[in-house]
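*Asks:* Sequence:
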Amino acid sequence: MFSRGARTWTATVPPESGVDAVDARGAASADEARLRILVQRVQEGDLSAFEQLYEATKLDAARTLRHLVGNRVEVDDLLQETYLRLLTAVKGFRGESRFKTFLYRVCANVALSHLRWKRRRPEDPFADPPEMVATEEDPERAAERRQAARLVEAALEKLKPKKRIVFVYAELCGMSPDEIALAVGSSPNTVRSRLHHARLEFTEAMQRLVVARPVGGSHGRS
Numbered sequence: 001m002f003s004r005g006a007r008t009w010t011a012t013v014p015p016e017s018g019v020d021a022v023d024a025r026g027a028a029s030a031d032e033a034r035l036r037i038l039v040q041r042v043q044e045g046d047l048s049a050f051e052q053l054y055e056a057t058k059l060d061a062a063r064t065l066r067h068l069v070g071n072r073v074e075v076d077d078l079l080q081e082t083y084l085r086l087l088t089a090v091k092g093f094r095g096e097s098r099f100k101t102f103l104y105r106v107c108a109n110v111a112l113s114h115l116r117w118k119r120r121r122p123e124d125p126f127a128d129p130p131e132m133v134a135t136e137e138d139p140e141r142a143a144e145r146r147q148a149a150r151l152v153e154a155a156l157e158k159l160k161p162k163k164r165i166v167f168v169y170a171e172l173c174g175m176s177p178d179e180i181a182l183a184v185g186s187s188p189n190t191v192r193s194r195l196h197h198a199r200l201e202f203t204e205a206m207q208r209l210v211v212a213r214p215v216g217g218s219h220g221r222s
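Residue numbering for the sequence shown follows the numbering used here, beginning at 1 and increasing consecutively.
Keep in mind that the hints were calculated from the coordinates and are not lab data.
There is no bait here: all hints are sound.
Straight-line distance between alpha carbons at most 30 Å, and here's what the computed DSS-like set of lysine-lysine pairs gives:
hint, residue 1, residue 2
1, Lys162, Lys91
2, Lys160, Lys100
3, Lys100, Lys162
4, Lys158, Lys100
Model the full structure from these sequences, guided by the hints.
*Replies:* Structural data, given as structure tokens:
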């Protein structure tokens with residue numbers, strides 16, 4: 001939920017409809033053009049355009065933040081902070097990159113601050129995540145899924161924030177080094193170097209965590 005003054009905008013939207021592969025590039029161009037028109041209106045002081053910009057991009061921003069911070073519970077607050085920052089930052093958008101790349105940079109800055117804060121508060125990597133399991137899911141499969149998710153998040157926690165961000169953008173968001181460089185404000189070569197080390201460190205962390213995993217999972221089942 002994003003709130004500003006008397007305005008309140010929910011972060012829940014219906015799923016986007018599919019786009020045929022042959023039309024994807026044209027649709028992306030049209031989407032970018034629409035976003036740039038909204039940005040220009042925001043830069044001219046039209047706050048209703050910012051509401052439309054929020055509605056058009058919040059799903060992408062929420063997904064990105066979810067991947068970056070690894071905790072669904074924290075995303076709503078971070079999403080609100082992202083758009084509060086964007087309201088000011090968008091005035092500096094000059095069109096040198098896609099608007100969503102610009103948005104991802106704001107997401108990265110918010111996530112980076114959060115991850116640095118979180119690294120000062122170590123948590124049990126095998127503790128159950130604060131989320132509900134669907135009632136129709138097989139309990140054993142649900143336990144395995146939660147354990148796998150905990151291992152991945154624990155491995156990501158071992159990465160320094162800047163490495164984690166480039167790893168998530170590359171591996172989960174499918175962004176190229178050039179796109180990541182624009183999003184995080186670094187050179188493509190720096191991104192490639194961070195990504196190389198992040199992949200190695202993530203793999204090593206996963207191996208160590210699997211070996212150290214408590215027998216029978218976090219509940220000590222035999």
